[in-house]
Amino acid sequence: LAKTTQPISMDSYEGQEVNITCSHNNIATNDYITWYQQFPSQGPRFIIQGYKTKVTNEVASLFIPADRKSSTLSLPRVSLSDTAVYYCLVGPLAGTYKYIFGTGTRLKVLA
Amino acid sequence: GAGVSQSPSNKVTEKGKDVELRCDPISGHTALYWYRQRLGQGLEFLIYFQGNSAPDKSGLPSDRFSAERTGESVSTLTIQRTQQEDSAVYLCASTPDRGVTEAFFGQGTRLTVV
Chain C
1 LAKTTQPISM
11 DSYEGQEVNI
21 TCSHNNIATN
31 DYITWYQQFP
41 SQGPRFIIQG
51 YKTKVTNEVA
61 SLFIPADRKS
71 STLSLPRVSL
81 SDTAVYYCLV
91 GPLAGTYKYI
101 FGTGTRLKVL
111 A
Chain U
1001 GAGVSQSPSN
1011 KVTEKGKDVE
1021 LRCDPISGHT
1031 ALYWYRQRLG
1041 QGLEFLIYFQ
1051 GNSAPDKSGL
1061 PSDRFSAERT
1071 GESVSTLTIQ
1081 RTQQEDSAVY
1091 LCASTPDRGV
1101 TEAFFGQGTR
1111 LTVV
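Residue numbers (our numbering), protein chains in the order written: chain C, 1 to 111; chain U, 1001 to 1114.
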């Protein structure tokens, strides 16, 4: 399993763009990068997944450089409701994969 | 069902009693996971079922913990002789297939051992 490293916590203000970077130096060729969001008292929910370059959806963007040894989750114009823990995971889409969550990044959005 | 369902949502039990937690995965999902999350902590992997394969029990913290799943349906997590350190939210997730496909989580069971 590719190990991931994220900052433990981040603070931001409403309306700012937030970028959370995840390091995964030993990512394998067939691994994808997936991010989850967990609000207090809820289970995590999938927000975005990518393999290379850039992926964008209605919630976030995911930037992956050519070497794929890191990735950056970008949340545009955060609001108080984006306060959550964000988890980065790396693994293959096929084959046996065990969902192991790291400690995640605790994002606190301030007014 | 529409999503992963867990029951009960809350459980208070006395130290030393056994508890059983239930997870109904999304129909057709072959993989099912149990996690434990203590207050303010990350998700701690407990056990993983994939289809009819032998479960991966590598995360179970002690022999007081066990889980079963019949085929690709309901799973139960049993904690025997509960201890106060077992107090946590127990989360269940299911995925459609192998690999890092999207995992869908239930709302969890909040277990309090008094």
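Quick caveat, the hints were computed from the structure, so don't treat them as lab data. These figures come from a predicted structure and were not determined experimentally. By construction, the Cβ of each residue, glycine as well, lies at the ideal position given by its N, Cα and C atoms. Don't take every hint at face value.
With a Cα cut of at most 30 Å, we get these calculated DSS-like pairs of lysine-lysine [claimed, not checked]:
(1) U:LYS1057 <-> C:LYS3
(2) C:LYS54 <-> C:LYS3
(3) C:LYS98 <-> U:LYS1011
(4) C:LYS3 <-> C:LYS69
(5) C:LYS69 <-> C:LYS98
(6) C:LYS69 <-> U:LYS1011
Output of the computed footprint for chain C on chain U, the stretches with three or more beta carbons under 8 Å from beta carbons of chain C [stated by the list, open to error]:
(7) 1007-1016
(8) 1042-1048
Evaluation of the provided hints:
Simply put, LYS1057 (chain U) and LYS3 (chain C) have alpha-carbon atoms about 20 Å apart, close enough for the 30 Å limit, and the pair holds. Distance hint between LYS54 (chain C) and LYS3 (chain C) is fulfilled; the C-alpha atoms sit about 21 Å from each other, no more than 30 Å. Distance hint between LYS98 (chain C) and LYS1011 (chain U) is fulfilled; the C-alpha atoms sit about 28 Å from each other, no more than 30 Å. Of the supplied pair hints, the one linking LYS3 (chain C) and LYS69 (chain C) holds, its CA atoms being roughly 11 Å apart against a limit of 30 Å.
Simply put, LYS69 (chain C) and LYS98 (chain C) have alpha-carbon atoms about 20 Å apart, close enough for the 30 Å limit, and the pair holds. Of the supplied pair hints, the one linking LYS69 (chain C) and LYS1011 (chain U) is violated, its CA atoms being roughly 42 Å apart against a limit of 30 Å. Figure legend: the stretch 1007-1016 of chain U, annotated as covered by chain C; annotation inconsistent (0 residues with Cβ-Cβ distances under 8 Å, at least 3 required). Counting residues of the stretch 1042-1048 of chain U whose beta carbon lies closer than 8 Å to any beta carbon of chain C gives 4, which meets the minimum of three for the stated coverage.
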